[in-house]
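**Q** The primary structure of each chain is shown beneath.
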Amino acid sequence: MTRALLAFALALVSATAAAQFNLNINKLIETGKNIRDATRDVNEKEEAQIGAEYAAVLLGTGPLLANPEVERYVNRVGRWLSLNSERPGLNWQFGVLDTGTVNAFSTPGGYVLISRGLLERLRNEAELAGVLAHEIAHVVKKHHLTAMKKGKGMEAGANVLSMYLDQQRSAAAKEKLVSGMKEVMLRGLDKDDEFEADRMGVVIAARAGYDPYGLPSVVQMLQASNPKDSNLALMFETHPDPGARLDALERAMGNRMDRYASQPQAADRYAGVMRGK
Amino acid sequence: MRIAVLLCLLAAAPAFAQETGFAVRDTEVKKEPFSDAQTVGTLAEKAQVKVLARQGGWMQVESGALSGWVRMLSIRMNSGQSSFASGLRSLFSVARTGSSGQTVTTGVRGLDKEDIKNAKPNPEELKKLAGFSASKGDAEKFAASNPLLKSQKIDYLQAPK
Numbered sequence: 001m002t003r004a005l006l007a008f009a010l011a012l013v014s015a016t017a018a019a020q021f022n023l024n025i026n027k028l029i030e031t032g033k034n035i036r037d038a039t040r041d042v043n044e045k046e047e048a049q050i051g052a053e054y055a056a057v058l059l060g061t062g063p064l065l066a067n068p069e070v071e072r073y074v075n076r077v078g079r080w081l082s083l084n085s086e087r088p089g090l091n092w093q094f095g096v097l098d099t100g101t102v103n104a105f106s107t108p109g110g111y112v113l114i115s116r117g118l119l120e121r122l123r124n125e126a127e128l129a130g131v132l133a134h135e136i137a138h139v140v141k142k143h144h145l146t147a148m149k150k151g152k153g154m155e156a157g158a159n160v161l162s163m164y165l166d167q168q169r170s171a172a173a174k175e176k177l178v179s180g181m182k183e184v185m186l187r188g189l190d191k192d193d194e195f196e197a198d199r200m201g202v203v204i205a206a207r208a209g210y211d212p213y214g215l216p217s218v219v220q221m222l223q224a225s226n227p228k229d230s231n232l233a234l235m236f237e238t239h240p241d242p243g244a245r246l247d248a249l250e251r252a253m254g255n256r257m258d259r260y261a262s263q264p265q266a267a268d269r270y271a272g273v274m275r276g277k
Numbered sequence: 001m002r003i004a005v006l007l008c009l010l011a012a013a014p015a016f017a018q019e020t021g022f023a024v025r026d027t028e029v030k031k032e033p034f035s036d037a038q039t040v041g042t043l044a045e046k047a048q049v050k051v052l053a054r055q056g057g058w059m060q061v062e063s064g065a066l067s068g069w070v071r072m073l074s075i076r077m078n079s080g081q082s083s084f085a086s087g088l089r090s091l092f093s094v095a096r097t098g099s100s101g102q103t104v105t106t107g108v109r110g111l112d113k114e115d116i117k118n119a120k121p122n123p124e125e126l127k128k129l130a131g132f133s134a135s136k137g138d139a140e141k142f143a144a145s146n147p148l149l150k151s152q153k154i155d156y157l158q159a160p161k
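Protein sequences, first through last, are from chains A and B. Just so you know, we're using our numbering here: the first sequence kicks off at 1 and counts up by one. Just so you know, we're using our numbering here: the second sequence kicks off at 1 and counts up by one.
Note that these hints are calculated values from the structure, not bench results. Quantities reported herein were computed from a predicted structural model and do not represent experimental measurements. It is possible that part of the hints are untrue.
Below, computed lysine-lysine pairings styled on DSS-like, alpha-carbon distance capped at 25 Å [what the hints assert, rightly or not]:
{"#": "1", "chain 1": "B", "residue 1": "Lys117", "chain 2": "A", "residue 2": "Lys174"}
{"#": "2", "chain 1": "B", "residue 1": "Lys136", "chain 2": "B", "residue 2": "Lys150"}
{"#": "3", "chain 1": "A", "residue 1": "Lys142", "chain 2": "B", "residue 2": "Lys136"}
{"#": "4", "chain 1": "B", "residue 1": "Lys117", "chain 2": "A", "residue 2": "Lys176"}
{"#": "5", "chain 1": "B", "residue 1": "Lys141", "chain 2": "B", "residue 2": "Lys128"}
Reference excerpt, derived from the structure (chain A facing chain B, CB under 10 Å, subset only) [stated by the list, open to error]:
{"#": "6", "residue": "Asn75"}
{"#": "7", "residue": "Leu186"}
{"#": "8", "residue": "Asp211"}
{"#": "9", "residue": "Ser217"}
{"#": "10", "residue": "His239"}
{"#": "11", "residue": "Pro242"}
{"#": "12", "residue": "Ala248"}
{"#": "13", "residue": "Ser262"}
If we take Cβ atoms under 7 Å as the criterion, some of the chain B residues that face chain A in the derived model are [claimed, not checked]:
{"#": "14", "residue": "Val40"}
{"#": "15", "residue": "Thr42"}
{"#": "16", "residue": "Leu73"}
{"#": "17", "residue": "Arg76"}
{"#": "18", "residue": "Lys113"}
{"#": "19", "residue": "Asp115"}
{"#": "20", "residue": "Ile116"}
{"#": "21", "residue": "Leu149"}
{"#": "22", "residue": "Leu157"}
All C-beta atoms in this analysis are idealised placements derived from N, C-alpha and C, irrespective of residue type, glycine included.
Using the sequences provided together with the hints, build the complete structure.
**A** If you want it as structure tokens, here you go:
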């Protein structure tokens with residue numbers, strides 16, 4: 001009797017242990033899968049595909065500016081800057097969105113869009129270079145992919161990406177991917193990634209031969225603008241405060257970029273292209 | 001020479017004419033935009049300035065009787081200025097003004113959160129975008145034109161501690 005009870009108790013314990021063990025194994029496998037997904041490297045071809053989808057969504061908000069001269073000019077400035085980045089071989093494409101909004105966007109794979117509203121507020125080509133170089137930095141550092149993996153909890157975001165990449169790009173996977181992209185567009189990138197893109201943008205512009213103070217000058221322009229202007233609402237919501245960006249740039253730059261400060265601003269060329277001359 | 005300087009000032013003036021800012025800390029005012037130029041005075045922290053021009057990392061400012069050049073990043077701008085006489089906005093507006101004299105863009109709403117939420121991917125515009133792209137050779141030719149943009153190696157800046 002005692003022995004039977006003991007055997008029963010032992011069986012119970014080992015059964016529970018086994019159940020516990022199985023549970024742990026399953027959990028481990030599940031966690032392992034998520035860790036793999038979350039850190040799965042997106043290769044360059046996949047990045048380009050994700051980027052094209054991302055850019056198509058941005059272009060779904062409104063058309064490109066129907067001014068081939070301005071579009072080509074922005075592409076030349078941008079492509080030259082990209083050649084001075086760590087990823088010169090991407091299929092870089094630049095464009096102007098025909099909207100009064102003041103903003104600029106980039107996507108994985110090398111798509112960069114600047115709004116007409118921002119172009120209208122810039123004063124020279126070095127400022128344009130600063131803005132485009134900031135966006136190029138986001139692409140070089142793959143900040144969007146990082147942000148998408150963090151979407152709605154890291155596992156969900158990573159799963160959206162791997163679902164799209166692994167499941168033959170099904171309609172359902174694509175829909176989830178698009179909503180993941182929209183989430184990043186609405187929420188913005190990581191604040192530290194914005195500060196990093198500012199620091200890198202200044203250097204990429206200087207490497208390409210421009211006055212590096214173009215970007216700080218644009219951020220000062222943003223600081224001077226009316227925060228209640230609806231054209232600036234999305235940009236202000238998705239970026240750190242301009243004052244904080246200037247503080248960070250000032251500390252990072254010190255006088256380190258001064259030797260490049262006499263490089264061209266190309267104000268005349270900028271004004272000429274914008275005036276249609 | 002004097003005419004050239006005057007022309008430069010005239011060209012620079014409209015861009016900054018209406019902007020004001022303040023010093024983030026006590027700041028030396030220089031006679032010229034160089035750190036070893038003569039110091040003509042000191043802006044006290046929070047002193048208000050009118051911004052007249054920018055050159056490289058320097059800003060030409062005016063504060064009461066004091067005027068000269070300060071390091072651009074020692075100035076923060078006053079927010080909420082309706083300062084968009086700056087930039088080229090007026091030029092675009094002129095281009096968009098029809099024969100009636102009415103600006104076509106008036107009342108056009110910008111891209112907002114709703115537009116993003118409702119956006120459907122637009123592959124046609126994406127194709128159009130590709131049509132404007134510049135090759136490596138195009139970009140190099142552009143950089144070699146006037147003004148010359150010379151490529152050089154520069155290390156990235158460290159994040160401030």
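**Q** All the hints need checking, so say for each whether the structure fits it.
**A** Hints, one by one, checked against the model:
1. Between the alpha carbons of lysine 117(B) and lysine 174(A) the distance comes to roughly 15 Å, so the proposed pair stays at or under 25 Å and holds.
2. A C-alpha spacing of about 15 Å is found between lysine 136(B) and lysine 150(B), which places the hinted pair at or below 25 Å, so the restraint holds.
3. Restraint check for lysine 142(A) and lysine 136(B): satisfied, since their Cα atoms lie roughly 22 Å apart, inside the 25 Å limit.
4. With a C-alpha separation of about 13 Å, the suggested pairing of lysine 117(B) with lysine 176(A) holds against the 25 Å cut-off.
5. For the hint pairing lysine 141(B) with lysine 128(B), the CA-to-CA distance comes to about 23 Å; that is within 25 Å, so the pair holds.
6. Using the Cβ-Cβ criterion of 10 Å, the hint placing asparagine 75(A) at the interface with chain B is satisfied: the shortest such distance is roughly 4 Å.
7. Checking leucine 186(A) against chain B: minimum C-beta separation of about 6 Å stays under 10 Å; hint holds.
8. Hint status for aspartate 211(A): holds, given a least beta-carbon distance of 6 Å to chain B, under 10 Å.
9. For serine 217(A), the shortest C-beta to C-beta distance to chain B is roughly 6 Å, which falls under 10 Å, so the interface hint holds.
10. Interface restraint check for histidine 239(A): the shortest CB-CB distance to chain B comes to about 14 Å, outside 10 Å, so the restraint is violated.
11. For proline 242(A), the interface hint holds, the least distance from its beta-carbon to any beta-carbon of chain B being 8 Å, beneath 10 Å.
12. Restraint check, alanine 248(A) versus chain B: the minimum CB separation of about 6 Å is within 10 Å; hint holds.
13. Taking 10 Å as the C-beta cut-off, the interface hint given for serine 262(A) holds, the closest approach to chain B being about 6 Å.
14. Hint on valine 40(B) is violated. Least Cβ distance to chain A is approximately 20 Å, over the 7 Å limit.
15. Residue-level restraint check for threonine 42(B) is violated (minimum Cβ-Cβ distance to chain A is 18 Å; threshold 7 Å).
16. Among the interface hints, the one on leucine 73(B) holds; its C-beta lies about 4 Å from the nearest C-beta in chain A, closer than the 7 Å criterion.
17. Because the smallest distance between the Cβ of arginine 76(B) and any Cβ of chain A comes to about 6 Å, under 7 Å, the interface hint for this residue holds.
18. Hint on lysine 113(B) holds. Least Cβ distance to chain A is approximately 6 Å, under the 7 Å limit.
19. Annotation: interface hint on aspartate 115(B) holds; nearest CB of chain A at approximately 4 Å, less than 7 Å.
20. Proximity of isoleucine 116(B) to chain A holds as hinted, the smallest CB-CB distance being about 5 Å (cut-off 7 Å).
21. For leucine 149(B), the interface hint holds, the least distance from its beta-carbon to any beta-carbon of chain A being 3 Å, beneath 7 Å.
22. This hint holds: leucine 157(B) has a C-beta 4 Å from the nearest C-beta of chain A, less than the 7 Å allowed.
Violated hints, listed in ascending order, are 10, 14, 15; each of the other numbered hints is respected by the structure.
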